[in-house]
Amino acid sequence: MGDTMFGDLASTRDGLRDVGYLADDGIASVVYLAEKLGKPVLIEGPAGTGKTELAKSVAAMTDARLIRLQCYEGLDEAKALYEWNYKKQLLRIQADRGSDANNEEWVDIQDDIFNDEFLLTRPLLEAITAEEKVVLLIDEVDRVEVETEALLLEILSEYQVSIPELGTIEATQIPLVFLTSNNTRELSEALKRRCLFLHIDYPQLEREKEIVLTKVEGISENLAEQIARIVRSIRQIELKKSPSVSETLDWARTLVLLGVESIDVEQAKESLNILLKYQSDIEKTAKELTVEA
Amino acid sequence: MLDLLSGFVVQLRNAGLPVSLTETIDAMQAVKHIPVEDREAFKYALAATLVKNEQHWKAFETVFEVYFSLRGPEYNVFDEDGEIDEDSLEEWMSQQMRGMGGQGSAEDMSPEEIAEMLFRALMNADEAMMAAMARAAVTQFAGMEPGRPVGGTYYLYRTLRNLDLDGMLERLMEEAQERSQDDMTPLQERLEREEYENRIEDLKREIEAEIRRRLVADRGVEAMAKTLRKPLPEDVDFMHASREDMVNIRKAIQPLTRKLAARLARKRKHKRRGPLDFRATVRQSLSYGGVPAEPRFRNPRPNKPELVVIADISGSVAAFARFTLHLVYALQNQFSKVRSFVFIDGIDEVTHLFQNEEDITNAVHRVNTEADVVWVDGHSDYGHAFGVFWEKYGSEINSKSTVMFLGDARNNYHSTNAWVVKETAKKARSVFWLNPEPKSYWDTGDSVITEYATHADGVFECRNLRQLEGFVDHLA
Chain Y
0 MGDTMFGDLA STRDGLRDVG YLADDGIASV VYLAEKLGKP VLIEGPAGTG
50 KTELAKSVAA MTDARLIRLQ CYEGLDEAKA LYEWNYKKQL LRIQADRGSD
100 ANNEEWVDIQ DDIFNDEFLL TRPLLEAITA EEKVVLLIDE VDRVEVETEA
150 LLLEILSEYQ VSIPELGTIE ATQIPLVFLT SNNTRELSEA LKRRCLFLHI
200 DYPQLEREKE IVLTKVEGIS ENLAEQIARI VRSIRQIELK KSPSVSETLD
250 WARTLVLLGV ESIDVEQAKE SLNILLKYQS DIEKTAKELT VEA
Chain E
0 MLDLLSGFVV QLRNAGLPVS LTETIDAMQA VKHIPVEDRE AFKYALAATL
50 VKNEQHWKAF ETVFEVYFSL RGPEYNVFDE DGEIDEDSLE EWMSQQMRGM
100 GGQGSAEDMS PEEIAEMLFR ALMNADEAMM AAMARAAVTQ FAGMEPGRPV
150 GGTYYLYRTL RNLDLDGMLE RLMEEAQERS QDDMTPLQER LEREEYENRI
200 EDLKREIEAE IRRRLVADRG VEAMAKTLRK PLPEDVDFMH ASREDMVNIR
250 KAIQPLTRKL AARLARKRKH KRRGPLDFRA TVRQSLSYGG VPAEPRFRNP
300 RPNKPELVVI ADISGSVAAF ARFTLHLVYA LQNQFSKVRS FVFIDGIDEV
350 THLFQNEEDI TNAVHRVNTE ADVVWVDGHS DYGHAFGVFW EKYGSEINSK
400 STVMFLGDAR NNYHSTNAWV VKETAKKARS VFWLNPEPKS YWDTGDSVIT
450 EYATHADGVF ECRNLRQLEG FVDHLA
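Chains Y and E, in that order, give the protein sequences. Going by numbering that gives the first Met the number 0, the first sequence opens with residue 0, and the numbers climb by one from there. Going by numbering that gives the first Met the number 0, the second sequence opens with residue 0, and the numbers climb by one from there.
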């Protein structure tokens, strides 16, 4: 792999563009480096700025399978790495008893029931053992407890999984790994050190406009420009939750459906509930947009 | 390249960024894959490997700009200003001049000409032109002299004063009005204005960068890196936080309070078992012929922590109080039951002010105006405030409550009434005191922190986010 996947910086960016993801300089460089250095990428940023989307787009761009591990509080080894299929193991032992081969040594059975056949792979192990190209997405890693984070360390730095009964399973090929975090808590230093760090913020005006143009069908350039400007304006107001890119897109789609060509204050105010999720935010914004002049 | 990078890492560390050895090695690996002439990509490659916290980005950027601003020609990596090199700029400038009917280079331009060209550059969002004009403006107006020991802000101020950017904004708006045929709606006007404000911000940044470049040329990288060094967001002292700092601090408080809530609630969750369930044990013993071989336990009661916050909002801790109120507000969203009190020499409950207010600024405003905290003269009197607290609310503290005192314990030599803290500590689950003063000031002058501290479960110096985080971690 390597050079076949990503030629250089520019082609990385173009590749992402082809699958509908508009990367800025920072995003393109980090994705490119991640592949070159074989390092995981830790993506941070506000909700709805396209963190998960980036991993999906990279998978689409490289024709790789996307394996996703959604993190949540209480996630454990059995759900993330692997688990022994103990029901099947029990059956196997019982089947053995039934047969006349009573003289079979326990050691044999033990060898027998601890092999690949009885191993249930979970996302992390699956990503390591996969034959084809794989993009591993570990979503919202800040939701797991600090202790569970340690589970990831072996995978992220060595690309291997140690199973006591089987030994160490090493990756046949190095998967591209993306971790996303909404920064609800500080991640451990050990984890951060192993990753490239990428912070995705709300996009600049130009880029947001472009995103709207590519993602929303049948939108005019003029409307996209207006939308981007209004959204930027709203983000400057101090709100509980600023509108994210995905909400901008929803808003744009709604306006297109309504057949709006150019937004005036009334229309903006009426459709604010798509852009903002808190009643207090909506009221505040509506007030700001009318009073200011 | 090796020396260059390790020098850069040293500068980052000086600025307080934690950069480990492995990260340095990663950075060296990374830049191998980046075409050296691509300055932006170079910057992002370094940032991705060396900076692992978004809050540190600004510090990183400053160090980067300073450190690499002049490294260009020497290492043949960059031009002095990133894109345009000196000669072609001169050429381009003189072309522009000829186009305007003027002659000569940027140095000879009159202030009016500069203003005019800037106006046009801003109008058309012409970035190259803006950069060029920023250079010209700095040359013309800043009056920079080699070796003069003044900071960059002085030059920046001089340049901006001469450019009169506010007037520029008005002119731009007028021009925009004229360009649009119909009258602009208020919304359009607002959007236009923001667009131009944005461009002017860009211009300011450009000017600042230009001044910085020249200063670096004059004084050298190390000296400049030192003068531009600012404390990282987590080290900013609450007492001296600027507006911008407060915004950062407020953002950082949210996750901290969530953590605090989790810590206080968790303590007992780990213990899987509750107390012995006698009935169930006897019942279970029947299957063993009456021998209680297997004890049964009750399910643990879920722990619902109650928080009582008592905050000093007097003048001596005014800046800290601002932070305190934000902290209280954030806590209120995390805990099922929070009661907040504020005091100066009188004490008042402000729980309801925070509860019904969606907006933190309003809430803080209401606390400052509506809370009845002045008893005699509006100078801190911890003793009286605590006395009243105990009388009115003392009975409501129970074994589930965690009590947090926030204040500097500067009591203006009044009586301390430390017994209130003692009694509170007896009844409450735990009592903590956060003090915004440096430890070395404690118990000096009218500070009586130790008298209170002896009764509390812990007293913490809490001057910046790092210390606040330390406190939250301590609870685990």
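If you are wondering where the hints come from, they were derived from the structure by calculation, not from laboratory data. Hints may contain errors.
Said to hold, decoys possible - Here are the simulated lysine-lysine pairs, DSS-like style, with alpha carbons at most 25 Å apart:
no.	chain 1	residue 1	chain 2	residue 2
1	Y	240	E	250
2	E	57	Y	239
3	Y	239	E	258
4	E	42	Y	35
5	E	57	E	250
6	Y	240	E	258
7	Y	276	E	250
8	E	42	Y	239
9	Y	35	E	31
10	E	57	Y	240
11	Y	283	E	31
Computed from a prediction, not measured in an experiment: that's the story for all the values here.
How the hints compare with the structure:
{"no.": "1", "hint": "Y:240 with E:250", "in the structure": "holds (12 Å)"}
{"no.": "2", "hint": "E:57 with Y:239", "in the structure": "holds (24 Å)"}
{"no.": "3", "hint": "Y:239 with E:258", "in the structure": "holds (19 Å)"}
{"no.": "4", "hint": "E:42 with Y:35", "in the structure": "holds (17 Å)"}
{"no.": "5", "hint": "E:57 with E:250", "in the structure": "holds (16 Å)"}
{"no.": "6", "hint": "Y:240 with E:258", "in the structure": "holds (20 Å)"}
{"no.": "7", "hint": "Y:276 with E:250", "in the structure": "holds (19 Å)"}
{"no.": "8", "hint": "E:42 with Y:239", "in the structure": "violated (32 Å)"}
{"no.": "9", "hint": "Y:35 with E:31", "in the structure": "holds (10 Å)"}
{"no.": "10", "hint": "E:57 with Y:240", "in the structure": "holds (23 Å)"}
{"no.": "11", "hint": "Y:283 with E:31", "in the structure": "violated (50 Å)"}
Figure legend: structure checked against the earlier numbered hints; hints not met, in rising order: 8 and 11.
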